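Please build the complete structure, drawing on both the sequences and the hints.
For the record, the sequence lines run as chains A and B.
Be aware that the first sequence starts at 1, since it is given in full-length UniProt numbering, and climbs by one per residue.
Be aware that the second sequence starts at 1, since it is given in full-length UniProt numbering, and climbs by one per residue.
Incorrect hints may have been included.
DSS-like cross-link-like pairs, simulated, lysine-lysine; straight-line CA separation at most 25 angstroms [what the hints assert, rightly or not]: (1) A/Lys436 with B/Lys81; (2) B/Lys142 with A/Lys406; (3) B/Lys509 with A/Lys499; (4) A/Lys242 with A/Lys229; (5) B/Lys153 with A/Lys67; (6) A/Lys440 with B/Lys509; (7) A/Lys29 with B/Lys117; (8) B/Lys239 with B/Lys255; (9) A/Lys142 with B/Lys56; (10) B/Lys67 with A/Lys84; (11) A/Lys117 with A/Lys36; (12) B/Lys117 with A/Lys99; (13) A/Lys436 with B/Lys202; (14) B/Lys99 with A/Lys36; (15) A/Lys509 with B/Lys502; (16) B/Lys421 with B/Lys450; (17) A/Lys99 with B/Lys56; (18) B/Lys376 with A/Lys27; (19) B/Lys406 with B/Lys202; (20) B/Lys376 with A/Lys56; (21) A/Lys56 with B/Lys153; (22) B/Lys111 with B/Lys153; (23) B/Lys509 with A/Lys436; (24) A/Lys21 with A/Lys56; (25) A/Lys315 with B/Lys436; (26) A/Lys99 with B/Lys12; (27) A/Lys81 with B/Lys81; (28) B/Lys21 with A/Lys99; (29) B/Lys84 with A/Lys446; (30) A/Lys24 with B/Lys376.
Distance ranges between label pairs, derived from CB positions [said to hold, decoys possible]: (31) B/Val207 with A/Ser491: 36 to 44 angstroms; (32) A/Pro244 with B/Ser453: 50 to 58 angstroms; (33) B/Arg231 with A/Thr483: 50 to 58 angstroms; (34) A/Ser472 with B/Asp77: 40 to 48 angstroms; (35) B/Asp109 with A/Ala250: 54 to 62 angstroms; (36) A/Glu108 with B/Glu8: 33 to 41 angstroms; (37) A/Leu505 with B/Glu73: 21 to 29 angstroms; (38) B/Lys29 with A/Arg231: 38 to 46 angstroms; (39) B/Asp109 with A/Ala437: 37 to 45 angstroms; (40) A/Gly14 with B/Lys21: 55 to 63 angstroms.
By construction, these hints were calculated from the structure, which means they are not laboratory data.
Computed from a predicted structure; not experimentally measured.
Even for Gly, the Cβ is constructed at its ideal location relative to N, Cα and C.
There are 2 protein chains.
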Amino acid sequence: MEKSVIKEEIRKQGEFVRQLKLDKAEKEKIDEEVTKLLALKAQLGEDASSGKFVLKTPKGTRDYNLKQMAIRENVFDTIIKCFKRHGAGTIDTPVFELKETLTNKYGEDSKLIYDLKDQGGEMLSLRYDLTVPFARYMAMNKIQTIKRYHIAKVYRRDNPAMTRGRYREFYQCDIDIAGQYDPMIADAECLRIVYEILSALKLGDFVIKVNDRRMLDGVFAVCGCPDEKFRQACSAVDKLDKLPWEDVKAEMLEKGLTEETADKIGVYVQMSGGQELVEHLLSDKLLMTSKCAMAGLNDIKLLLRYLQIYQLGNKVSFDMSLARGLDYYTGAIFEAVLTGTAVNTNQPRIKGETVGVGSIAGGGRYDNLVGSFDPKGRSVPCVGVSIGVERIFSILEAQLKADGRKTRTNDTEVYVISPQKNFLEERMQIITELWKANIKAEMPYKRNPKLLSQLQTCEERGIPYAVIIASSEKETNTVKLRTIDTREEVSIPRENMVKEIKDRLQICKNNTDQN
Amino acid sequence: MEKSVIKEEIRKQGEFVRQLKLDKAEKEKIDEEVTKLLALKAQLGEDASSGKFVLKTPKGTRDYNLKQMAIRENVFDTIIKCFKRHGAGTIDTPVFELKETLTNKYGEDSKLIYDLKDQGGEMLSLRYDLTVPFARYMAMNKIQTIKRYHIAKVYRRDNPAMTRGRYREFYQCDIDIAGQYDPMIADAECLRIVYEILSALKLGDFVIKVNDRRMLDGVFAVCGCPDEKFRQACSAVDKLDKLPWEDVKAEMLEKGLTEETADKIGVYVQMSGGQELVEHLLSDKLLMTSKCAMAGLNDIKLLLRYLQIYQLGNKVSFDMSLARGLDYYTGAIFEAVLTGTAVNTNQPRIKGETVGVGSIAGGGRYDNLVGSFDPKGRSVPCVGVSIGVERIFSILEAQLKADGRKTRTNDTEVYVISPQKNFLEERMQIITELWKANIKAEMPYKRNPKLLSQLQTCEERGIPYAVIIASSEKETNTVKLRTIDTREEVSIPRENMVKEIKDRLQICKNNTDQN
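This is the structure:
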């Protein structure tokens with residue numbers, strides 16, 4: 001296009017965007033049209049757009065403000081404490097990998113991978129998950145055993161549904177146990193970890209569904225599903241948590257399964273239960289003909305036994321409809337699902353939204369992925385689980401909003417203030433003492449701030465104590481210590497200040513710990 | 001090229017790479033040639049290269065193993081504690097920004113920015129630092145005051161010098177205080193933060209250099225340097241910490257300054273000192289003619305006064321040669337430099353390497369950057385400092401290596417073991433009790449592991465205690481608690497196990513805290 005034509009296009013598009021804004025159109029729609037506008041401007045070269053650009057983050061991404069980060073940090077803290085309680089360490093891998101490392105790993109979804117521009121050198125792509133880089137790391141460093149967690153962002157050029165908490169840049173939070181071990185011991189610990197984390201985060205009631213890939217394959221086989229249709233049947237079964245059986249059956253028929261096969265599969269995959277179901281199936285004449293199914297069943301039996309000892313028996317359900325999307329699973333698979341609404345809200349639900357209900361963690365055993373990276377195909381058995389932290393953030397944010405609770409965005413314990421002018425240097429002396437004693441302290445960055453605004457700051461930020469210095473305190477070598485909540489003030493000799501504050505903070509802390 | 005030609009090229013390049021490996025060529029050289037090989041293979045399409053790819057991370061990046069991450073986590077922990085002691089919260093921004101957000105921000109270095117491939121939609125680039133995204137965030141959300149830290153990776157397509165710890169993907173660790181405040185109060189706190197962090201990390205002696213951009217500009221002006229050569233003079237002065245004055249002067253002459261001007265500048269920029277130097281310069285006849293220099297000097301005077309109260313007077317030097325590279329500074333600038341070698345090593349230094357000596361933190365005041373993003377140019381004064389964490393990691397890694405100390409990669413407190421067969425379920429019961437009591441515990445993932453290998457695991461991983469269960473313990477409802485270091489074993493009633501272990505861990509902790 002000629003420049004004049006482009007300029008005219010830009011003018012039109014600019015007007016369109018302005019109109020959308022006036023009409024208060026959906027944010028996503030506006031963003032989309034702004035993107036088109038930017039693309040047009042880019043055609044004119046950088047000069048045309050400089051000086052007057054649109055302030056936004058890339059499509060499908062967002063900033064996290066102090067409050068959102070405070071919530072995230074609390075969640076990560078809880079999760080990491082649990083991972084460490086189980087002896088895990090952490091590793092880190094680059095945010096991008098050689099393009100070929102990610103090739104042929106994600107099937108159809110490969111089109112969602114972000115590629116870097118070819119600026120001379122290697123062809124690179126942003127990581128799509130943490131599991132493939134982990135397997136690459138294992139193979140590259142010839143590691144045989146590891147228990148590691150990895151919390152980091154991954155990237156998918158999906159159509160973002162940001163109102164539902166789905167972004168193009170989002171956190172994954174994985175723990176994996178790799179090594180040649182006896183069956184189901186590590187698998188059971190992964191589920192114990194999920195149980196501890198979901199319990200600690202108080203997200204409401206949940207159930208952990210378990211199944212085994214070999215079990216599913218066995219069912220398909222004995223029901224007469226041809227090998228090449230396993231995957232399609234699997235993907236249909238996976239929808240049983242959202243669709244009624246009739247719809248799932250219809251999808252199977254559509255994919256070329258016979259009605260007889262579909263009905264047979266239907267009987268099996270609608271079963272769920274506990275140890276008694278395992279026993280029932282172990283003596284199922286048809287299923288007994290599949291070695292594969294029997295191997296899966298025996299492992300599930302063991303897993304359920306171990307989970308009983310790990311005291312999460314009442315949270316676990318052997319659910320034969322659980323299929324999990326990813327191709328690389330080879331044995332046990334699991335998924336944790338919230339069963340109640342954790343959101344204590346009086347507001348009406350947004351139509352079609354299911355905040356607080358749904359899959360919140362998932363994982364399984366993948367014994368062959370590391371081998372796929374090894375030139376000699378040497379494999380390292382792995383089992384792991386991924387905690388759906390983005391989901392968890394959304395739920396906790398909604399909870400906080402509904403409760404109307406305030407989230408503190410700092411940990412400040414003491415604010416050092418003065419009602420009089422010219423006490424900046426005295427405040428500085430006091431705050432230095434506090435910092436040296438490892439007390440979290442702030443003060444206004446003004447020479448002569450107003451007393452009222454200083455006290456307001458304490459209340460707004462949730463700072464529990466204020467140290468007050470003025471001429472009378474200076475003369476008597478004391479400070480006033482004010483408890484913000486109660487407005488109670490006591491006079492304290494300057495040399496006791498640190499100890500007095502520390503004692504009070506300790507009492508606060510003990511009270512909080514007991515709650 | 002035709003396919004057959006490419007194939008021949010691939011064969012030759014493949015042989016070359018193999019030869020380089022046989023010759024044990026430098027890793028970087030091999031990587032480079034491997035990259036070429038991959039590029040050739042890519043021309044043949046994905047099929048040709050699949051199945052047989054090179055296991056590596058992209059050029060200039062690396063994985064962090066458990067040990068490296070343990071060191072990093074300790075450093076981050078120390079730094080974050082300090083940031084929080086000063087009341088800061090954290091925010092996060094996407095790893096990529098709209099390309100135009102980064103345009104015209106980094107001068108010549110803009111060529112080092114990683115761009116994403118145009119996959120339809122917006123033009124995106126990986127962030128190059130954390131300051132520009134911070135300013136974008138401030139302007140976009142119209143924030144007037146904030147005290148925030150941000151620890152995250154940034155990306156520069158520089159020629160990596162990986163042996164010297166310089167990578168294309170690396171951490172930055174920034175704290176910034178934004179708001180319209182009285183002069184130098186926030187600036188002084190930034191330096192107090194640097195002081196606290198460097199002291200806590202025990203990196204050896206250091207000095208914090210301070211200067212002011214207006215001071216430098218004033219000196220250039222009164223010495224007769226033309227306005228348009230300020231920046232070049234500035235960049236020459238910046239080298240005074242590495243080059244003798246003669247070389248810096250030569251560079252100035254080369255850039256078109258007269259000898260007289262250069263000599264005059266030389267007198268000023270070679271000065272350093274404290275409050276007495278400030279007083280001396282405040283009455284310097286020539287300098288007094290520059291409002292700009294006087295404004296800078298008065299702020300430095302104030303800053304030095306505040307730093308005295310903040311008890312880091314003996315660590316601070318007013319250094320008139322300090323220039324700092326970045327264009328956006330508008331007032332006070334600072335840099336912390338290690339003055340001794342912190343690395344307690346008997347190994348000879350690598351030629352030209354200066355591990356443990358050099359700039360370790362830097363920052364300054366930038367009052368106009370946020371305004372450059374605001375459509376109406378509304379500015380928010382900011383001051384901030386960046387801790388050179390990559391440098392710190394290198395030093396600490398070298399220290400640990402030199403000391404031969406072991407770094408634990410897990411926090412496990414108790415290993416649950418058995419000398420006898422068939423005690424897996426009893427171990428599981430015990431470990432569940434420990435986890436519930438928030439004790440960090442592991443056990444072997446084998447049904448019947450050998451006692452010796454279990455004890456070895458404790459020693460290798462630095463796990464302090466083992467709980468041992470066998471038939472005699474089972475009969476008497478006791479466990480044995482073994483202290484790994486001393487090999488002492490005591491028998492404990494099962495119901496006291498948790499309390500007994502917690503008491504011992506508390507004693508350990510108190511001892512460590514006292515050291």
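Broken hints, numbered, in rising order?
-> none
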